[in-house]
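Construct the complete structure from the given sequences, taking the supplied hints into account.
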Amino acid sequence: MGPDFTIDGYKWLSGFNITDAQGLYTDGFYISGYRDIDNNNTKCDEREDTVLTYNQGVLLTGLRGLWDATGAPSYLSDGHELVQNVIRATGYDLSKDAPVEDVSALRPGRLPRWHGLGRAGVLEDPCDAAGVCNQDATTFKGIYFHHLTAFCAPLAAPGDVGAEEAFNATRRSHAEACASYRGWLAHNTRAALATRAGRGRFGQRWTAGLLAGNWGGRPWPTVADDGVPHDFAGDADYALWRGPYDLNLIHSDPDAEGEEEEDDAPLPAPGRPEAQQPLHRSADQQQAPAGGPEKKRGRGSTTAWPGGDPNLRGRGRTVETHSGGLALLRAYWKIGQRAP
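Convert by adding 11 to the 1-based position in the sequence shown; the result is the number in the numbering used here.
Distance windows between CB atoms, simulated:
id: 1; residue 1: Ala161; residue 2: Asp56; range: 31 to 41 Å
id: 2; residue 1: Ala164; residue 2: Cys55; range: 27 to 37 Å
id: 3; residue 1: Arg210; residue 2: Ala174; range: 42 to 52 Å
id: 4; residue 1: Ala109; residue 2: Ala161; range: 21 to 31 Å
id: 5; residue 1: Asp19; residue 2: Arg229; range: 46 to 56 Å
id: 6; residue 1: Gly227; residue 2: Phe16; range: 47 to 57 Å
id: 7; residue 1: Arg229; residue 2: Leu24; range: 36 to 46 Å
id: 8; residue 1: Gly39; residue 2: Gly209; range: 33 to 43 Å
id: 9; residue 1: Asp19; residue 2: Ala174; range: 18 to 28 Å
id: 10; residue 1: Val111; residue 2: Gly39; range: 25 to 35 Å
id: 11; residue 1: Pro240; residue 2: Asp56; range: 19 to 29 Å
id: 12; residue 1: Phe16; residue 2: Arg121; range: 48 to 58 Å
By construction, these hints were calculated from the structure, which means they are not laboratory data. Computed from a prediction, not measured in an experiment: that's the story for all the values here. For each residue, glycine too, the CB sits at the ideal point set by N, CA and C.
Shown next, in the form of structure tokens:
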């Protein structure tokens, strides 16, 4: 596929009303009335407004590729605008280089406000706080940071010597913009590192790393009180559209509408068939993570979580949650340590 096709594709996407009021890419369009047997509609005419982290990330490498192919700085500008929209949607103010809320000032057990793609300045997917992410969704934040790292790589000099002055200005602007994300990356890294358990594995919900010391032993949030809008497109199609959610973790009744497919059930670690419990369990049971129960984590232990370790909920700590933490560390190292 040549650059002309890619340029046309981005023009189409940009004009397709797929971004929300915060400038974030939504999850796509669906066929309205799909489950109505009397409905003959075949058009994807209903926007699903759920915003997910990885949807923002894949745009970044696409825009970087368009810059590489064309040298047009507008693609980099669009990419930085998207990055900054994501950061703003986590509740982080780049102008102050700090979260908009002081977590330490919150009442014990008070959940920071949801800003659209995170809270307290930390990136989250909508399923993170309640611990109800399906296996796909546990990879989403890692995907985002993988693409952010690629987008912020230093620009390669063009072959045309005559364009050197314009290129140098673009290179400086790009490097300075990426450098401005250091504080946000460091903030997320500190939160994520605090979720590691005894074997050093990252948890899924990084914001909990900021909240543990001020949670006061209260229950961690569920979908009923996590502050995330759960207005799925076409309520009648809720069972059809699963998005980032593992519906077995939301519905305690295994026969409830929207039961997950078998291929989304957790897999035991090799040689440890007892490592992960079935997802159909009572609300007060916790799922052991792959590889066995966690015993202690870097600073203190899992017993240091007054309300119980929130990252033992749902699928627990897995290779996907750990890869997400590593992708964040890599982004912080590659971007945060690079001089503009």
